[in-house]
Amino acid sequence: MEPRIIGTSVPRKEGRDKVTGAARYIDDISFPEMIYGLTVRSPAARGRIVNIHFEPTIPWNEFTIVTAKDIPGKNCIMLLIDDEPALADGFVNHPEEPILLLAHADKYLLEEARRAVHVEIDSAPAVFTLADSLTCKEVIWGRDNIFKSFHVEKGDIDSAWSSAAFIVEGEYETGAQEQLYIEPQGVIAKASPGEGVTVWGSLQCPHYVHKALLALFGLPKDRIRVVQTETGGGFGGKEEYPSMIAAHSALLAWKSGKPVKMIYDRAEDMLATTKRHPSRTIHRTGVTRDGKLVAMQIDFTIDGGAYQTLSPVVLSRGTIHAAGPYECANVRINSRAVATNTPPHGAFRGFGAPQSVFALERHLDRVAQVVGLAPEELRRRNFIQPGQTLAVHQVVRENVDMAGLMDRAFQLCDYHAKRKRFQQENRHNVIKKGIGFASFLHGAGFTGSGEEYLASEAALEVSGEGRVRIFAGSTEMGQGTNTVFTQIAAEALGIDCDQIEIVQPDTAQVPNSGPTVASRTTMIVGKLVETSARTVQKCLFDSGLLNRNYSAAEFKSACAAYIEKHGPLQSLTKYQYPHDLHWDDERYQGDAYGAYAWAVYVAEVSVDTRTAEVRVEDFVAVQEVGKVINPVLAAGQIEGGVAQGMGFALYENCVWQQGRMINGQMTNYIIPTSMDVPPIRVFFEEIPYERGPAGAKGIGELHLDGTAPAIANAIAHATGAEITRIPITAEVLLNILESVHV
Amino acid sequence: MSESAHKISVHCTVNGRALSIETYPMAPLLDVLREQAHLTGTKEGCGEGECGACAIEIDGLLVNSCLVPALQAEGAKIRTIEGVATENQLDAVQQAFLTHGGAQCGICTPGMILAAVNLLQRNAHPSDLEIREGLAGNLCRCTGYTKIFASIVEACRNMQQPTEPRT
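Chains as they are written, first to last, in the numbering used here: chain C, 1 to 742; chain R, 1 to 167.
By construction, these hints were calculated from the structure, which means they are not laboratory data. Where hints are given, some of them may not hold.
[Claimed, not checked] Straight line, CA to CA, 20 Å or less: simulated DMTMM-like cross-link-like pairs of lysine to aspartate or glutamate:
1. R:K7 <-> C:E112
2. C:K107 <-> C:E55
3. R:K7 <-> C:D407
4. C:K107 <-> R:E35
5. R:K7 <-> C:E111
6. R:K7 <-> R:D31
7. C:K107 <-> R:D31
8. C:K418 <-> C:D407
In isolation and in its complexed conformation, chain C is listed as follows (with noise of 0.2 Å):
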């Protein structure tokens, strides 16, 4: 039967308040009797801290002051360890590092409070880059620095080189990049030992926040209640921040017996919250003669900060992609997250994965140029194939066609006759022009056991007017979680959509579905609320009080009879792992995902060689991504993901002094404004996944993955520059250009 509302446009579900104003975001909201909270912060980024003094200036006798001998559970933000304390204790690992924390009425008496606490740090040595971490120029956490360390094996490399004409070798970076999501990061929380604890905020994961919120207070899990509101985007900003100042809110909460809002301005926002994880990548590289990869050695880093927050899971994400889409019989790939002295770096759009293909999708155009062949004919030579293995081990099932798509991609930006014809022209000219692309693929869902670990759920629940509300833990951060759970519980239902409810997300009502990030959404949790539909309207089915082809009529009144006879309509759905997917977490090899996304992006750039500005004129972005559930909030996802990989690739560049970024403002941290952004040309292919709804696989993240190396490849292949590092600034292109004399 043909889908009457899974692939199309149906308008966001909650836009309406959004485009009156009428929407309700964290600042729009206030309690009475409520207070703001604030949070004093480490000026070092490493050491012992001596002194906190109040300046006499100030009505200290009105504040709310909270310090880590306050916190009446365990101090510390529980995550994947409880490494990170709510308040630093005595000693500081990173700049900005919360102290102490004030609360008052008055907001800009706050302020001026802020500037009167000193605190007094007797320094120890720290470390702030990658190379000194590793070589363990001074251990700063555990035994070694490091987080996490993951090593992929397939076949037998070290015989492998011996096979290969050529090895190329080559070293890649990428820098840290901040989600700046336009609403900064913010919670209101009310709290005592009576009532328990409430918190409301901007956040992606209320079941994270709900996990730390139980350790720092040691209350029963049903004391503690965590309620999203409307949020101002996300991208992975705020996963695991939020359980921070949701912590900080709470113990002023705790302490003051008032409801205390706590909002970061920008300034702190980007100063103190996490960034993309700042990573070097280190290929070495076996081909034969005619192109075909026969060794492939790869060593890649990621910077974590001071704890280890979401470190690990970031890792494993770059370190199973970093292989790409391609067939190659003996790999190595060994990898690292290690601590340094700056604001642990945590979740992004990608996570982990933009990092690793960066440095591939670079480093196959350099190795095709030492062949001796055109990038897209050495891509092509090694792309997988239903049937072949990646890296790790995995077989892929799924019907890929990756030269298929590079084809379209071709096709729609007359790339080969481009490719010819700016060659050509540059020769002539000060603005140079190039086209460049790359080639990927992006896992959804959580890696290897990791959906099996979460055993998500979600929920349904059928009123006897025949008006559906589903529960799920699933955020909307501007995705369109509410829109997609609409369209597919209204197509499994056979209703309108009007006649859907989404619960807000508050763990008080909904069950766990796991957090709202690694493309998962849709795919797992959405099949939850697919199958929970499909339960209930059985239900109706086999009760004999609905026939099928049944009218909306006739479905409200079985509804109601149904109620009536039985009770309430409901349907819990618990996300069973596919018996035929393996994953070995000890060897980290099997089936990592049990979908990915593959695609094919092309960028075109103009390179002004006086000033070494780079021009993005066009992008094809062409996907295979299951089955389409809504056409323009699926394209949204890829043009906004394309002009974030922009961002991260030419624009976005965080600058560090001793650990503390020092341009943690609007001002000087830039990000892709409508006059930089090209015409984005989006494009899908659809060949429904079994196992996601409707047939749909994830598409929050794969568009961080390529854009980036495909516009450095465009980059290179306009001006012959050696682009190994982004963002690609104007005075690092400028740089590059005066050492290659173009």
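With chain C held as given, fit chain R onto it using these hints.
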């Protein structure tokens, strides 16, 4: 705000309604609108005039309200996002943002819509470049702007259709 500063009275019109408030003269107009007039549709993204999430119209001019001191609102006619739709009907720009995916997370949307409405008042037939320039003061991190451009083009088209009068 230092305690020595004295509050002043400011009288202005916001979305067609008279507003009188007591505020510090240098308080950002954004704070006054959000906290005293309870018009929370206008957003703060950066507090330094870079992102445009706080864009409003003052006497027909598009401004970043985080940079406007409250005293400058004296006697002014102000329009915020709450004043763009009529009671029952969205503005053509708002409607187009809905159907063409111009809003994702929605936090830049109020400022973006005011910038677009302001542009179309000045120029009913903007070129692609003029649309880009008209939005150059408004940052969006979700959309890559593509669907916002499409929304504005669509709004222009709809506004020129006599059968669908703009309210």
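Hints, verified against the model:
Between K7 (chain R) and E112 (chain C) the CA atoms are separated by roughly 19 Å; this keeps the pair inside 20 Å, and the hint holds. Under the criterion of a C-alpha separation no larger than 20 Å, the hint pairing K107 (chain C) with E55 (chain C) is consistent with the structure, at around 18 Å. Pair hint K7 (chain R) plus D407 (chain C) does not hold up; C-alpha atoms about 67 Å apart against a cutoff of 20 Å. At most 20 Å may separate the alpha-carbon atoms for a hinted pair to count; K107 (chain C) and E35 (chain R) meet this at roughly 12 Å.
The straight-line distance between the Cα atoms of K7 (chain R) and E111 (chain C) is roughly 19 Å, inside the 20 Å bound, and the hint therefore holds. At most 20 Å may separate the alpha-carbon atoms for a hinted pair to count; K7 (chain R) and D31 (chain R) meet this at roughly 14 Å. In summary, the hint linking K107 (chain C) to D31 (chain R) is supported, as the alpha carbons are separated by about 11 Å, within the 20 Å threshold. Between K418 (chain C) and D407 (chain C), the direct Cα distance comes to roughly 14 Å. Compliance with the 20 Å bound is thereby established for this hinted pair.
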